[in-house]
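Asker: Sequence:
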Amino acid sequence: MRLICIGDSEKNLDGRPCSALSEAISLGEIYLRICGREGAVGAIRESPIDIAVIQQTAPNPRLLRVLRNNKVSSPVLIIARNINADSVADVLAAGADDCVSINIEAVELLARLRAIVRRVSGVGITSQMITIGRMKLNEDTREVLIDDEAITLTQVEYKIMSLFAHRKGGILNKDAIMSHVYAGKNLPQSKSIDVMMCRVRAKLVEKGIKAPFKTIWGVGYRLVEEAFAPLGSRDMNPDPHHSSNESCMPITPGIDISAPSKGFDIR
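Under UniProt numbering, the residue at position 198 of the sequence shown is numbered 198, and the numbers go up by one with no gaps.
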């Protein structure tokens with residue numbers, strides 16, 4: 001599920017997910033993007049999403065109307081701290097698909113998100129397979145397979161591979177990776193991302209995937225799709241500017257999706 005979290009309160013202008021949403025993201029296979037209300041329309045148009053979550057102090061249809069007036073048809077769920085029947089009725093009448101309290105349990109929130117996406121798309125969302133050449137990523141079993149053989153990955157390593165599979169061809173910086181892996185919770189030092197990328201790279205190389213990632217120095221990492229091409233259909237080093245013996249030296253965060261250092265609740 002591709003989800004964008006939009007901050008629409010004075011205490012949350014950048015879209016950091018509240019505690020319930022952070023936990024729901026960790027429970028389900030969700031690719032997270034965050035933004036503030038000013039950049040919401042552009043962020044949604046930039047890459048497809050399955051659902052938008054607006055975090056507010058109290059339910060307010062203002063931002064929802066902005067999205068709809070700009071032809072954004074994605075389903076919207078609103079999470080608010082101060083909630084009552086009249087305010088919920090207002091946002092539902094304005095086109096929101098659901099409105100819940102910030103105190104909702106994570107498991108219920110995840111179920112509501114999935115139900116909305118399932119209803120809108122007309123299909124289930126829990127069984128998906130992403131195929132990139134020799135690699136298959138099964139979102140139902142949370143497995144990554146090379147030539148139909150599963151790779152042993154930690155939960156964090158799987159989330160990293162899932163993120164790159166969804167954003168294949170795109171450059172991801174450390175902030176984007178940490179935001180997805182830790183879903184707005186207390187984040188480790190960015191150096192740990194370099195270590196995790198090294199481990200994932202090493203496991204792919206063991207399976208015969210040479211140079212699976214390209215390091216864009218000072219910016220981030222990119223998945224090299226050609227490296228996963230079927231055997232015999234590519235050169236061993238598909239990118240002439242990229243060495244298969246690339247080091248695991250740390251990079252400096254660049255521009256992409258930025259994520260604050262800690263998740264928080266709406267005040």
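Because the hints were derived from the structure by calculation, they are not lab data.
Any given hint might turn out to be false.
As the list claims (entries may be wrong) - As a list, the in silico DSS-like pairs of lysine-lysine whose alpha-carbon atoms are at most 27 Å apart: (1) K214 - K203; (2) K168 - K136; (3) K168 - K210; (4) K203 - K168; (5) K71 - K136.
Stated by the list, open to error - Pairwise CB distance ranges, derived in the manner of DEER restraints: (6) R118 - G42: 39 to 47 Å; (7) D90 - L231: 57 to 65 Å; (8) D148 - W217: 17 to 25 Å; (9) V72 - D148: 44 to 52 Å.
Just so it is clear, CB atoms sit at the ideal spot from N, CA and C, and this is done for glycine as well.
Asker: It remains to establish, for every hint, whether it holds in the given structure.
Answerer: Consistency of the hints with the structure:
{"no.": "1", "hint": "K214 - K203", "result": "holds, 15 Å"}
{"no.": "2", "hint": "K168 - K136", "result": "holds, 13 Å"}
{"no.": "3", "hint": "K168 - K210", "result": "holds, 16 Å"}
{"no.": "4", "hint": "K203 - K168", "result": "holds, 19 Å"}
{"no.": "5", "hint": "K71 - K136", "result": "violated, 34 Å"}
{"no.": "6", "hint": "R118 - G42: 39 to 47 Å", "result": "violated, 27 Å"}
{"no.": "7", "hint": "D90 - L231: 57 to 65 Å", "result": "holds, 58 Å"}
{"no.": "8", "hint": "D148 - W217: 17 to 25 Å", "result": "violated, 35 Å"}
{"no.": "9", "hint": "V72 - D148: 44 to 52 Å", "result": "violated, 39 Å"}
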